[in-house]
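Next come the chains, spelled out residue by residue.
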Amino acid sequence: MLHYLPFQLSSFAGDIDQVIRVIYYIVGTWFVAAEVILFWLIFGSRSKPGVRAAWLPGTGRAKWAVLAPVCAVLACDLIIEKASSPTWEYVKLDIPHPDVEVKIEARQFAWIFTYPGKDGILGTEDDLVAKELHVPVNKKVVFHLEAADVLHNFYVKDLRLKQDAVPGRSIKGWFDTNTEGTYEIACAEICGKGHTLMGSKLVVDSNEAYQSFLAAL
Amino acid sequence: MSHDAHPQSFISKYVFSTDHKTIAKQYMITGLFMALFGGAAASAIRTQLAAVEPGGTGGFLDPQFYNSVVTMHGTVMVFWVAMPVLVAGFGNLLIPLMVGAEDMAFPKLNMASYWVFLLSTVVLLISPLVPGGGAAGGWTSYPPLAADPALSGVEWGITLWILAVALELVAFLMGGINFITTAINMRAPGMSMWDLPLFVWEEVAASIVFMLSVGPLIAGAVMLLLDHVAGTHFFDPKMGGDPVLFQHLFWFFGHPEVYVILFPAFGIVAEIITCHARKTLFGYKMTVWSVIATSLLSFVVWAHHQFIAGIDPKISIPFSVMTILISVPVAVGMFAFMATLYKGSIRFTSAMLFALGFFACFLLGGVTGIINGTAAADIYIHDSYYVVAHFHYTLYPLVFMAGPAGLYHWFPKMFGRFMNETLGKVHFWGSMVFFNLIFLPQFNLGMMGHNRRLAVPTNYEFLSTPEALLMQDISTWALFGLLAFQLPFVWNFFHSMFRGAVAPANPWNATTLEWQCPSPPPHGNFDTPPVVYRGPYEYSPEGDGPDFIAQNQPPEGQHEVPQNPLVSPHAAK
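Quick mapping for you: the protein sequence lines, in order, are chains A and B. If you count by our numbering, then the first sequence holds residues 1 to 217, one letter each, in order. If you count by our numbering, then the second sequence holds residues 218 to 790, one letter each, in order.
Any given hint could be a false lead.
Partial chain B-side listing against chain A, Cβ under 8 angstroms, derived [claimed, not checked]:
hint : residue
1    : N284
2    : G666
3    : V719
Below, computed lysine-lysine pairings styled on DSS-like, alpha-carbon distance capped at 27 angstroms [stated by the list, open to error]:
hint : chain 1 : residue 1 : chain 2 : residue 2
4    : A       : K140      : B       : K531
5    : A       : K172      : A       : K103
6    : A       : K139      : A       : K193
7    : A       : K172      : B       : K455
8    : A       : K48       : B       : K531
9    : A       : K63       : A       : K118
10   : A       : K82       : B       : K502
11   : A       : K63       : B       : K502
12   : A       : K82       : A       : K172
13   : A       : K63       : B       : K560
14   : A       : K172      : B       : K531
15   : B       : K560      : A       : K48
16   : A       : K63       : A       : K131
17   : A       : K103      : B       : K502
18   : A       : K103      : A       : K48
19   : A       : K201      : A       : K131
20   : A       : K172      : A       : K201
21   : A       : K118      : A       : K131
22   : B       : K455      : A       : K103
23   : A       : K139      : B       : K642
24   : B       : K455      : A       : K131
25   : A       : K172      : A       : K140
26   : A       : K82       : A       : K103
27   : A       : K103      : A       : K63
28   : B       : K242      : B       : K642
29   : B       : K455      : A       : K193
30   : A       : K118      : A       : K103
Restraint-style ranges between C-beta atoms, simulated for each label pair [as the list claims (entries may be wrong)]:
hint : chain 1 : residue 1 : chain 2 : residue 2 : range
31   : A       : K172      : B       : F711      : 46 to 52 angstroms
32   : B       : T357      : A       : W64       : 39 to 45 angstroms
33   : B       : S260      : A       : G120      : 52 to 58 angstroms
If you are wondering where the hints come from, they were derived from the structure by calculation, not from laboratory data. Keep in mind that this is a model prediction, so the values were computed, not measured. Beta carbons are placed, not taken as given, at the ideal position from N, Cα and C, and that holds for glycine.
Just chain A, same shape as in the assembly (with noise of 0.2 angstroms):
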């Protein structure tokens, strides 16, 4: 299942991936031990002529067959989220200071990319719009996230990130790219008739490429 996991993108990218690669060892023990178990007991106990079941009420200490067992999940789940949480800290929370910053626009059924003009701020009159994601590669993007009509999601799976966009709010986040190329985006959240056709590009350019990207909108 995990050799399916594509891309990696963004710096956080081998975090999500090593979070999902975590879980999935401690909870895949957990899942052939059980069924071992489970397959061993269905067998072991299946009625013989003349054999009468025991008797075990599961009272008093016999009850830590159950408990003790409960309480390894309960250690392994505590350890999954202190191992887990800094990767969100570090995706949704502690957002970068930007290289660039663009403004993302959902609606029925397209994205429209805003970056700052000649003035380097957003949502001045000299404001570039564009149908692409361009970004330079290396640096760090922070978005801007609205939504014109219903909820939509931003969705790129090489970057690892899912963002929803909400009618009403403007919700920041970041990332950060290693590699030049087209990616696609997607939109992740049922947003009507058009959501199958919602996708865009984002395309990872050189600084050089990036430079003439912006020049010619």
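Could you slot chain B onto chain A? The hints should help.
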């Protein structure tokens, strides 16, 4: 005390009946009928996903219609199959019998519950037929999409959908009040709460969780309805509303709802494994406490559906912790059930096979939930096919494995006849194989990054790869396999009702009270009101005596009725 002497007309016996057993059958048969509808929707979804070709061609469903089919599939399977079969069907059938009562506490309210439910069913079935088509915003119906016809293209379909869901919730509130009252007030003399079969505890817990969580959803539904028809702006940000508010109201109900479905299914398998393994339940009180703990925790996990929905990211970690902590009480139940099998004497009946198959599959549904419950992993996993595979691995075993297990087990009680065991085993093995073939590939699709609810996924290059198409094809063919293996069940169910082998009152040598009255029980249930002397699972007690002792069998030498109905005689020892 029996009521069977009263003459009853056909209408009052089978249609407008206040008899809990008839109401149970009405709920079950309506639920099974709706399962056909939900299964047809699933076939349409899967056929579309197998028919699309790279480049966004192929497929035969209009995307709007596809969205509507997806919405109907989810709505029907949760509210019109899982709820009526597991909660209302088995709850109505078993609670009065298991506590030794003549009927429910409020038989007329019980009848009203079913007829409101049937009305909700009719409204739901009409909703896709009106101009503008049916609701198409997913079973969660998030606004603004669901609130504004200009954005969704859906006119009356969504209004009817909201009405249908609201009526359905009203029906289950009436049923739930009955379940709680009956279990608490109408237990047979001598039966303490700690003598209740686990199934009754689970139904009471489900009813209480439902009652406490449903209020916010009804409020949300009314607000959505007003936004839609009366021009209010509860969820419209342009006028000061907030769409995320609906998500909170929805999931404050929506997540506990999972446990409303889970509890009765756990109860069903507990009754079946103890009886067919001839074992007392391992750690009965501990298991009851785990149900109570799960109920409490289920109220503080809802925002895990909203990690990336625009809520404050700081609140996500606490919700993530609470979410995966729910694995602790659920594990108590699962491990206790497994320990119950130890040194048992298992009879592999169809009911037992389905109960064991339930464990084998539900385990995977449980452990995979840890990944999407972890906030950091959810950034990628959210709204992907991984989530689809995960919740089908929980809900399918709950509804379509524990459910049939219960039907095979209690069919003799309901109709006085057995279902055919050979057909039951064909049903089990076919379902087991094809269910896994449907949903295992979807974990892989999720890892590839396949997002949900796409009518034509092949509009995207990354969803047009040979691997992705192969996974979709396997899933689709397996669905048709699964549906084919439901045919022996449908035939078996209806044929056995009239032609099955005649069953005695207690064919499985079971201990609980529902087996200590005739099959099928007459109106009024018990020939003489039962008195309870012992706990629910006295299977294979120590010594050389019979391998089960019914709850109403007096201890040797004792014949008087215990005085205080709240204190069980064996508990005082």
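For the pair supplied as a hint, A:K63 and B:K560, confirm whether the alpha-carbon distance does not exceed 27 angstroms. The hint holds at about 16 angstroms.
Holds or violated: A:K82 with A:K172, Cα cutoff 27 angstroms? holds, 25 angstroms
Given the hint of 46 to 52 angstroms, check if A:K172 and B:F711 actually sit that far apart at their C-beta atoms. Given range 46 to 52 angstroms: violated, Cβ gap about 59 angstroms.
Hint says 52 to 58 angstroms; check whether the CB-CB distance for B:S260 and A:G120 agrees. holds, 55 angstroms
Starting from A:K172, check that the Cα of B:K455 is at most 27 angstroms away, please. Holds, at roughly 20 angstroms.
Holds or violated: A:K172 with A:K103, Cα cutoff 27 angstroms? holds, 9 angstroms
Holds or violated: A:K82 to B:K502, with C-alpha atoms at most 27 angstroms apart: Given pair A:K82, B:K502 is violated - Cα atoms ~32 angstroms apart, limit 27 angstroms.
Is the Cα-Cα distance between A:K118 and A:K131 27 angstroms or less? Status holds; Cα separation ~19 angstroms.
Pairwise hint evaluation, B:K642 against A:K139, where the allowed Cα distance is 27 angstroms at most: violated, 60 angstroms
Decide if the proposed pair is consistent with the structure: A:K103 and A:K63, CA atoms, cutoff 27 angstroms inclusive. Not OK: A:K103 and A:K63 at ~58 angstroms, beyond 27 angstroms, violated.
A:K172 paired with B:K531 [C-alpha distance capped at 27 angstroms]: holds, 14 angstroms
Next pair to validate is B:K242 with B:K642; report whether the Cα-Cα distance is within 27 angstroms. Between B:K242 and B:K642 the Cα gap is close to 23 angstroms, so the pair holds against 27 angstroms.
Going through the hint list in order, the structure does not satisfy hints 3, 6, 8, 9, 10, 16, 17, 18, 23, 26, 27 and 31.
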